[in-house]
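Asker: This is what each chain is made of:
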Amino acid sequence: MTPRARARLMSILVVVLGLGLAAGFALYGLSGKITYFHSPTELASGALTDKQMTRQIRIGGLVKAGTVVREGDTYTFIVTDNASDLMVTYRGVMPDLFREGQSVIAYGKYDNAEQIFAASQILAKHDENYMPAEVKKILGPQK
Amino acid sequence: MIVEFGHFAFILALVMAAVQTVAGLGNKPELARRAAITLFGLCLVAFSGLTWAYVTSDFSVINVALNSHSLKPMLYKISGVWGNHEGSMILWITILALFGAAMALTPTFTDPQLRQRSIGVQGLLSLGFIAFSLFTSNPFLRTDTPPFDGNSLNPVLQDPGLAFHPTTLYLGYVGFSSVFSIAAAALITGRVDQAWARMVKPFVAVAWLALTAGIALGSAWAYYELGWGGFWFWDPVENASLLPWLAGTALLHSLLVLEARGSLKRWTILLAVIAFTMSLLGTFLVRSGVLSSVHTFATDPTRGAFILALLAFYCGGAFTLYAFRAPALKTLRLFTPVSREASLVANNLLLIAMTATILTGTLYPLVMDALNLGQISVGPPYYNATVVMMALPLLVLCGIGPFLPWKRPGRWTFKNALATTALITAAAMLFILGRPAMQVIGFGCAMWLMTSSVIYLVQSNKSLKSISLFLGHFGMGIAVIGMIGTALWKVEDIRVAKPGEAFTLGRHTVTFEGVKDVEGPNYIAQEATVILDGATLHPQRRWYPVSDSDTTEAAIKLSFLDDLYVVLGENDGDNWVLRTTIHPFVSLLWGGFALIALAGGVMLLYSLRRK
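So the sequences go chain by chain: L and P. Numbering that gives the first Met the number 0 applies: residue 0 is where the first sequence begins, and numbers increase by one. Numbering that gives the first Met the number 0 applies: residue 0 is where the second sequence begins, and numbers increase by one.
Fair warning: there could be bad hints in the mix.
Claimed, not checked - Derived coverage of chain P by chain L (criterion: at least 3 residues anywhere in the stretch with Cβ under 8 Å from a Cβ of chain L; other residues may be distant):
#, stretch
1, 485 to 495
2, 559 to 572
As the list claims (entries may be wrong) - If you want a taste of the chain P side facing chain L, the calculated C-beta under 10 Å gives, among others:
#, residue
3, 266
4, 315
5, 316
6, 319
7, 320
8, 349
9, 352
10, 364
11, 385
12, 389
13, 544
14, 548
15, 550
16, 551
Unchecked claim - Here are the computed lysine to aspartate or glutamate pairs in the DMTMM-like style, where the Cα-Cα straight-line distance is at most 25 Å:
#, chain 1, residue 1, chain 2, residue 2
17, L, 108, P, 492
18, L, 63, P, 492
19, P, 461, P, 500
Source of the hints: derived by calculation from the structure; they are not laboratory data. The C-beta atom is built at its ideal place from N, Cα and C for all residues, glycine as well.
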C-alpha cells in the first residue's frame, strides 16, 4: 500500500469507527432508556404491560380542580384528560406553577393494581399561558 | 420618538446588511469593512431604542406592554429586553453585527481577501436574521390603545441571572457565526493553511470562552436561583447549548493540528460549519415551539418555518460549498498512531460522537411524535448510558495527548510522566473504593487528568499556550470531581417542621425557627428563618400580584465542601414543609468551569499577541 492509500484507509476507518461508536451507543441508549408518555385514559384501560410498569413513565393532563389534598409533605391529586381520571401521589415540595385546573406532567411509576401513579418528579410549566405539547395532544381539540 | 429612531435604525440595518453582503462577496473590500462597522452601530441604536422603551415603561410599544411592568425594578426592566423572543432576537442580531465589526477591525486578519469574503458571509447572516426579526417578530410595533400597565415579566425570570446568562450564552452561540463565515470564506478563496488557522483562532477562542461561561452561568442560575435542585437536566434546550460547545471544543483542538502541522484542513473547516449549524439548530428548537421546555418562547409556526428556512439556506449552502471546494484542500502529512495528531484526532472522534449522540437523543422524540410512533422523552438515563461512557475515555486521553510529540514518538520520553500519574491516581482511588463502580471509575479518570496536567505544566516551557492547555484540562478534571461528588454524597431531607424544631443532616444541624410575612418591591412573601450551623437563612415563597404567580426562593449556604439548600414548602398552620439538601463539592464544579473559561481567555490572549 502506498502511504497515500494507507492514510486514506486510516481516515475512513476513523470515520466508520466514530459513526459506529455514536450509533451503537445511541441505539443501546434508546432501546432501554427512553421514557414513554401515557395519558390517563391509556393507563385506565390497562394498556401497560408488567414490564412497562417497572419502568419510569411520564403522564400528563390537567390537575382536576378541587382534588389536590395535602397531608404534610405528601400530595394526592387527580390528573385528567377529560375522559379518564388518574390518581397521583407525590412527596416533596411542589414546583411554583403547580395549580388546580392547570396542565401538569409527572414522572414516576404506575401501579396497575392500586391504579395509583407515584410521581417522583412533577414538571409544571414555565408560565401560565403555556401547555406542554403532550398534554395538548391528549386533550384534543376542546382546548 | 426614540423608539421610532431605533425602529428606523433597524430598518436601515437591513439595508446595510445587504450592502455588506454585496460589497464583501463582490469586490469592494473597503466598503464591506465600513458597512460591517456601520451595521454594528445601527444595531446598537436599535437595541438602545428598545431598551429606552423598557426603561421608560412605554406601554404603547406592544412588546413592552406584554413583557414589562412599571413597578418592576430597573435591573429587570433592562434585562427584560431580552427576556422575550422579539427582544432577544435584537440582542442576537447585535452580537452578529458585533462579530462582523470585529472582523473588519481586528489587526490579526492578515489576508485581506479572506477578511473581505468573511465580512460578506457575515453580512449574509445578518441580512437573514434582521429580515426574520423585522417581518415575523418586530419588537418596535406600537398599539393605538396602550394599556394602563404592562403584563410584567415572568417572575421566574426576575432574577439577576437573566442579566448575565442569556447575554454571555448568545455571545458564544452567535460568536460561532464568525467562525462559520471565515470557514465559508476560506472555501471561497480556496486557501486554508497555518496562517488561516491563526486568523480564525481568536474568534474560536472568544466564542468558545463565552459559550463555556454562558452554559456554566445558566447551570449555576438553575441551581442557585430557580431552585431546581440540580445543575444539569439534559433538557433539550440545555442540550442545544451543549451541542455547539462540543463541536466547538473539537474545532479548538483540530485547529491546533492545522496550526502546527498544516493537516486536517478539510476536517477543521467542516467542524467550523458544524459548530454554527448546531447554534442555529438550537435557535430553531428554542424559538419554533417544537419542544416543550422551560426555555422555549411562546410558539408561533411561521417563526419556526422562517428559522428552518434560514438554517437550511445557510448550513445547506455551506455544506454544498464544502462539497464542491473541499476536495481541492488536500493535505498529506502522515503521522503514526502514537503522536499528538493521532491523539487529537481521537479527541475529535469522541467529541463528535458525543455530539451525534446528544443530537440523536434530542431530536428522537420529535421524530417519533411527527411519525405518530408514540410520545416519548429521552432523559438522564439515556445520556448517562451513552455520553458518560464516551466522556470517560476522553478524560484519560486528555491526560496522555499533551505528552505526545508531533508526527511520531521519537523516544518514549513520556513514559515516566504517565507512570507517575498512574501511581498517584491509583493512590487517590483507594479513598473511594467500595462506592458505585461508575463513580469510582469516573473519579479515577478525573484524578488521572488532573495529575497528568500538573506534571505537564511542570515539565512544560510555561508559555501561555501550555498554561492554557493546563487550565483547560485541569479545570475539566476538577469539574468532573465536582459532578461525581454531588452525585455520590448528596443528602436530602423532607419534613413537616414545627417552629423551633431542630434536626441533623450529615455533619450539619438545622433549626427551623418559624415563618413571617415580608414585603418586596413587587411581591409579598412568606419568609422562614432557618438556623444552619449558626448561620441564619431565609428561604421564601413569593407571590407576585401583577401576574398572580408564586415563586419559591431557596436559601443557600455555600462553603467549599458543600452547599446547603433550604426550600420552604406549604404549611399546616405553623408547621411548614421544609426540604433541606446537601450538595457536596459543588464549588469544585463551578471552579472547574471557571478554569476552563480562563483557558479560553489565555488562548485568546496568545492568539492575539502573536506577531
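Asker: Please list, smallest to largest, the hint numbers that this structure does not respect.
Answerer: 4, 5, 6, 7, 13, 18 and 19
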